[in-house]
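Asker: The chain contents come next:
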Amino acid sequence: MSVNATPAGAQVSAEAERPTTTVPTQRGGRRKPPLSENKRAERRLGWLLCAPAALVMVAVTAYPIIYSVWLSLQRYDLRFPDQREFIGLENYVTVLTNEFWWTAFGVTALITVVTVAVELVLGMGLALIMHRTLVGRGLVRTSALIPYGIVTVVAAFSWRYAWTPGTGYLADLFSDGAPLTERASSLAIIMLAEIWKTTPFMALLLMAGLALVPEDLLKAASTDGATSWQKFTKVMLPVMKPAILVALLFRTLDAFRVFDNIFVLTAGGNETSSVSMLAYNNLIRGLNLGIGSTMSVLIFITVAIIAFVFVKLFGTAAPGSDDGERR
Amino acid sequence: MAVETTTRAKVRWGLLDVLVVVFALVPVLWIASLSFKTPATLTDGNFIPREWTLDNYRTIFDTDQFVRALINSIGIALIATLIAVVLGAMAAYAISRLDFPGKGLLVGVSLLIAMFPQVSLVSPLFEIERQLKIFDTWPGLILPYITFALPLAIYTLSAFFKQIPWDLEKAAKMDGATQAQAFRRVIAPLAAPGLFTTAILVFIFCWNDFLFAISLTSTERSRTVPAALSFFTGASQFEDPTGAICAAAVVITVPIILFVLFFQRRIVSGLTSGAVKG
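Chains A and B, in that order, are what the protein sequence lines are.
In this note's numbering, each residue carries its 1-based index in the first sequence increased by 832.
In this note's numbering, each residue carries its 1-based index in the second sequence increased by 625.
Heads up, some of the hints might be wrong.
Quick list of the computed label-pair ranges, beta carbon to beta carbon [as the list claims (entries may be wrong)]: (1) A:L1050 to B:V879: 37 to 43 Å; (2) B:I673 to A:T1013: 24 to 30 Å; (3) B:D800 to A:A1043: 34 to 40 Å; (4) B:T666 to A:A1043: 45 to 51 Å; (5) B:L707 to A:D914: 42 to 48 Å; (6) A:A891 to B:G700: 21 to 27 Å.
Straight-line distance between alpha carbons at most 27 Å, and here's what the computed DSSO-like set of lysine-lysine pairs gives [stated by the list, open to error]: (7) A:K871 to B:K798; (8) A:K1066 to A:K1144; (9) A:K1066 to B:K635; (10) A:K871 to B:K787; (11) B:K787 to B:K798; (12) A:K1063 to A:K1051; (13) A:K1144 to B:K798; (14) A:K1073 to A:K1051; (15) A:K1051 to B:K635; (16) B:K728 to B:K787; (17) A:K871 to B:K635; (18) A:K1144 to A:K1073.
To be clear, the hints were calculated from the coordinates, so they are not data collected in a lab.
Just so it is clear, CB atoms sit at the ideal spot from N, CA and C, and this is done for glycine as well.
Kindly produce the complete structure, drawing on both the sequences and the hints.
Answerer: See below:
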């Protein structure tokens, strides 16, 4: 009896959803030629309600990014404003032939790849714990949310003090020097801080996918003698694929923006700058708007390429997009 | 037999739980511990302070620098949250309930912005805000915060709005209410929990920001706590700021802990529904 309850419930909700998706097409088919007054009012209201959000989003991103392209084509150093002139792609040549840029690019790529890979594994484990634990589910979920919610700068300071000999508990435990003064260990600590902070977010996205795995399918697999690992790889992973891809896409692009942790932990010392850090330094510290903007544009292009490749390779449906049929 | 395995399973899950809790909490507890230590015991590496003191907290609340930053943080985050939730709710309502051309475009644009590298905006916004004379002001930070919070707000809210029973709105319209009235009187009250959850998520986002906060401000006038923290030098130049930084860090962590403690369920459902169910 109780076994039947879940599928029946699922059926009902599926049934309930269907009318809302099919009715509009029927109605649209019937009333296509003359756009009814109602329909036109609905459109107007739709545009009206979306306009403010759309305007703000476009005004604060699209216009500046175009302006940024324009700035990147100029020699424009705020310390020498009279030397401002149009120099075409010269800034791009300067940046792309600069070894600091490529070091920072390498650091950013390394951090992105390593943290996202580790987070996927840890996040999956955490998602399973949060979803299936028999005891203390609320406690686990609450504690997991703390790294997600905490201010990154605060967490970074905590890690910095933890790894500084004297104020720290980890520095003496794992090494005899000051780990934050050496490149390899600094990078490892930056990655640790990133992973600590963002694994819960990854886990939450994955948990949303876990919730979609039908319980009776797992039971059926058990009855057929599947091991836990087989259930995980053959039943859960396929169902979770969209959630995994969304989580990966979001985390990859987010990891590529790494800034706060590096700023606090090493300030970019010992060649641990990320591209964001480098762009910030050129702009705010160096006051070089031309070079800073060039880096901004290059980062934007890189992110666009990553997003494009993700979507092309995996064909993820955009989260929040309207095609509910995807499930 | 069955009882025994479930007990064993419970113990195993319990151990995993403990592992997660320790992993999640230790860094937070460490910085809290540092904030209660006296300058003399600051470097003893003890997890529990041997001598407790509130001096660090007294110091930061005595300095204008921190108090000002705290006011900026609270004010900016609250205003940005309010505006983002209102604009986001309007758009999400339209996306989840109305049929109009350009809907897909809006969803696409918000997705793009959710993935946008913020650092790419730092240089143009720096220049634009200087020209508009809003550099180093509250609006100068509120604007980018709203922008980057909107995709989050729109996704989470559309997910919530899709769960609201449509029929109630129809019934209201049958009784003579206009679409706008139906929104205000019927849907809005039902949507309140979703709005609240979204507000928490957006607030956390604004509260957290560091990049814009250090790039688009230059003085105490609008510098928020995360930015101020990184410039903290202590009461005098010769004083080690560690204790003060830790105390300030704890102060801005308290609201987050409170949110998480009281609204764990809502935050989890908000984040997960926005992500997949969309």
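Asker: Confirm or reject each hint.
Answerer: Consistency of the hints with the structure:
{"no.": "1", "hint": "A:L1050 to B:V879: 37 to 43 Å", "verdict": "holds (41 Å)"}
{"no.": "2", "hint": "B:I673 to A:T1013: 24 to 30 Å", "verdict": "holds (28 Å)"}
{"no.": "3", "hint": "B:D800 to A:A1043: 34 to 40 Å", "verdict": "holds (37 Å)"}
{"no.": "4", "hint": "B:T666 to A:A1043: 45 to 51 Å", "verdict": "holds (47 Å)"}
{"no.": "5", "hint": "B:L707 to A:D914: 42 to 48 Å", "verdict": "holds (44 Å)"}
{"no.": "6", "hint": "A:A891 to B:G700: 21 to 27 Å", "verdict": "holds (22 Å)"}
{"no.": "7", "hint": "A:K871 to B:K798", "verdict": "holds (14 Å)"}
{"no.": "8", "hint": "A:K1066 to A:K1144", "verdict": "holds (24 Å)"}
{"no.": "9", "hint": "A:K1066 to B:K635", "verdict": "holds (25 Å)"}
{"no.": "10", "hint": "A:K871 to B:K787", "verdict": "holds (20 Å)"}
{"no.": "11", "hint": "B:K787 to B:K798", "verdict": "holds (18 Å)"}
{"no.": "12", "hint": "A:K1063 to A:K1051", "verdict": "holds (9 Å)"}
{"no.": "13", "hint": "A:K1144 to B:K798", "verdict": "violated (43 Å)"}
{"no.": "14", "hint": "A:K1073 to A:K1051", "verdict": "holds (20 Å)"}
{"no.": "15", "hint": "A:K1051 to B:K635", "verdict": "holds (20 Å)"}
{"no.": "16", "hint": "B:K728 to B:K787", "verdict": "holds (15 Å)"}
{"no.": "17", "hint": "A:K871 to B:K635", "verdict": "violated (57 Å)"}
{"no.": "18", "hint": "A:K1144 to A:K1073", "verdict": "holds (15 Å)"}
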